[in-house]
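Heads up: the sequence lines are chains D and W, in that order. Letter 189 of the first sequence, counting from 1, is numbered 189 in this note's numbering, and no numbers are missing. Letter 71 of the second sequence, counting from 1, is numbered 71 in this note's numbering, and no numbers are missing.
None of these hints come from the bench; they were simulated from the model. Being a predicted model, the structure only gives us computed values, none of them experimental. Think of the CB as a built atom: it goes at the ideal place given N, C-alpha and C, for glycine as much as any other residue. Don't take every hint at face value.
[Unchecked claim] If we take Cβ atoms under 10 Å as the criterion, some of the chain W residues that face chain D in the derived model are:
1) Gln43
2) Ala47
3) Met71
Listed here are the chains, written in short residue letters.
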Amino acid sequence: MSVVIIGGGQAGLQVADSLRGGGYMDNITIIADEPELPYQRPPLSKDYLAPGKKPTPLPLRGGSFFADKKIELRAGVAATSVDRSARTVHLADGAALPYEHLVFATGAANRVLACAGADLDGVHGLKTLHDAERLHAALTAARNVVVIGAGFIGLEFAAAARAHGCEVTVLEFAPRPMGRALSPAMGKWFTSAHAALGVRLRLNEGIDHFEAGPDGHVGAAVSTIGTSYAADLVVVGIGVIPNDILATAAGLATANGIVVDEALRTSDPAILAVGDCANFPSVHAGTRIRLESVQNATDQGRHAAQTILGKPAAYAELPWFWSTQGGFRLQIAGLSAPGDETVLNGDPETSRFSILCFRDGRLSAVESMNSPADHMAARKLLASSWGPAPEEAATPGFSLKTFARESLLGSTQ
Amino acid sequence: MPSITFTQPSGVTDVVTVQDGTSLMRAAVTNGVDGIVGECGGQAMCATCHVYVRPEFADVLPEVGDDEEEMLDCTTAERTDRSRLGCQILASADLDGLVVDVPADQV
Chain D
1 MSVVIIGGGQ AGLQVADSLR GGGYMDNITI IADEPELPYQ RPPLSKDYLA PGKKPTPLPL
61 RGGSFFADKK IELRAGVAAT SVDRSARTVH LADGAALPYE HLVFATGAAN RVLACAGADL
121 DGVHGLKTLH DAERLHAALT AARNVVVIGA GFIGLEFAAA ARAHGCEVTV LEFAPRPMGR
181 ALSPAMGKWF TSAHAALGVR LRLNEGIDHF EAGPDGHVGA AVSTIGTSYA ADLVVVGIGV
241 IPNDILATAA GLATANGIVV DEALRTSDPA ILAVGDCANF PSVHAGTRIR LESVQNATDQ
301 GRHAAQTILG KPAAYAELPW FWSTQGGFRL QIAGLSAPGD ETVLNGDPET SRFSILCFRD
361 GRLSAVESMN SPADHMAARK LLASSWGPAP EEAATPGFSL KTFARESLLG STQ
Chain W
1 MPSITFTQPS GVTDVVTVQD GTSLMRAAVT NGVDGIVGEC GGQAMCATCH VYVRPEFADV
61 LPEVGDDEEE MLDCTTAERT DRSRLGCQIL ASADLDGLVV DVPADQV
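Construct all of the structure, not just a fragment, from the sequences and the given hints.
Dropping the structure here:
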């Protein structure tokens with residue numbers, strides 16, 4: 001009897017923690033390919049990059065956690081294959097671990113830019129602690145920063161680079177920033193907000209190639225419209241691809257991630273998948289999706305542990321997300337979709353407002369800027385299906401917090 | 001360095017020595033204090049580092065910020081007038097000997 005977890009991120013550790021919390025007494029092993037004590041990634045593109053002395057990473061759990069909970073952490077070694085008929089995982093160091101249940105918590109890898117010059121010195125990705133350490137050091141000397149991709153990571157990095165006093169240009173081939181995650185209205189607001197921070201955000205303009213300077217280090221980024229931007233530091237943030245190669249090789253169903261059912265089981269019921277690598281049926285999206293977020297990693301980790309403990313149920317936790325860019329604190333509850341109707345609450349001029357998204361007259365998501373009370377109210381409402389109608393939300397003076405308090409109190413009477 | 005005591009609902013205590021400028025959340029997570037989660041990494045985004053500060057220390061704490069104020073309304077365990085987010089309290093000499101109670105639930 002044992003559980004083997006491949007992946008030492010938020011999701012993998014949560015599975016192990018929740019198994020112990022649920023009374024699981026047998027062996028638990030976590031295989032983490034990075035050598036460090038497992039750490040939190042979200043700060044790496046935010047606080048970690050702030051000017052000042054080299055920061056220390058924030059661990060996901062203290063070093064004593066693994067001994068206290070009798071969880072074996074094998075750090076700095078990769079899983080190389082899974083033999084499903086023998087229920088054994090093989091590791092790069094030659095070890096073979098038998099399992100009763102196996103959990104893929106393998107996360108995702110940065111999408112790689114394929115253009116000319118993408119391999120020059122000074123062109124970075126941002127995913128690991130090692131990446132963040134290099135970037136923290138590079139920012140102290142950088143003058144001209146070019147960011148490829150106006151997603152969360154790219155814009156968080158852009159704001160951090162501005163705090164170091166760098167000139168910052170962001171190239172985004174799409175017409176708006178964070179287009180995959182945000183409503184057009186919030187995307188438009190962020191476009192202005194980054195301009196106010198001094199970030200040069202170039203929309204409808206992608207990267208064509210990089211050119212080396214005299215020292216062989218990157219010197220310029222040339223865009224798809226032929227404009228050349230001076231660059232001594234480049235960060236590429238163009239999305240991720242799920243780490244599902246090992247699962248595919250093991251014969252599991254994969255399609256934009258490892259395909260799981262509502263209890264997070266793969267096509268082999270002894271094997272589960274959680275977090276960024278899992279393609280799961282979402283009641284909130286009404287279709288299969290894959291999410292890259294702390295909420296999804298930890299909630300699926302808790303859920304998978306219950307499945308292993310013999311209590312399978314349908315995963316239905318509400319998705320939520322956050323990003324901090326300069327002084328802008330964005331929180332998102334729920335999943336919006338293209339074409340959702342939107343209602344504005346608050347005044348965008350004050351950088352304190354929320355955008356409520358509706359699909360077929362029902363609240364689907366709320367994007368809050370510097371408005372945590374709206375966000376937390378939205379999480380409660382979306383989880384309970386007691387949202388306001390769009391007409392009500394558009395009434396002058398409407399408060400999501402007040403609405404949530406009144407409707408949720410009413411629902412329990 | 002200031003010494004901070006985390007008291008669990010069971011009465012078990014963890015005494016942690018914290019570097020000046022380090023948040024109570026980070027100190028608790030790093031030292032394996034049960035019941036302090038810090039899921040958002042210290043950005044006052046998740047309210048999973050909720051603590052109850054003993055009243056005798058109320059005067060030495062920094063004011064509750066706007067973001068913290070709003071997030072505290074949404075903690076899993078009940079908010080009281082002693083509630084704070086551990087990520088928003090940075091250790092300093094003034095806080096030496098601080099005692100905080102860890103709530104039963106954070107998620």
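Exercise. Which numbered hints are broken by the structure, listed smallest first?
Worked result: Hint check: nothing fails, all pass.
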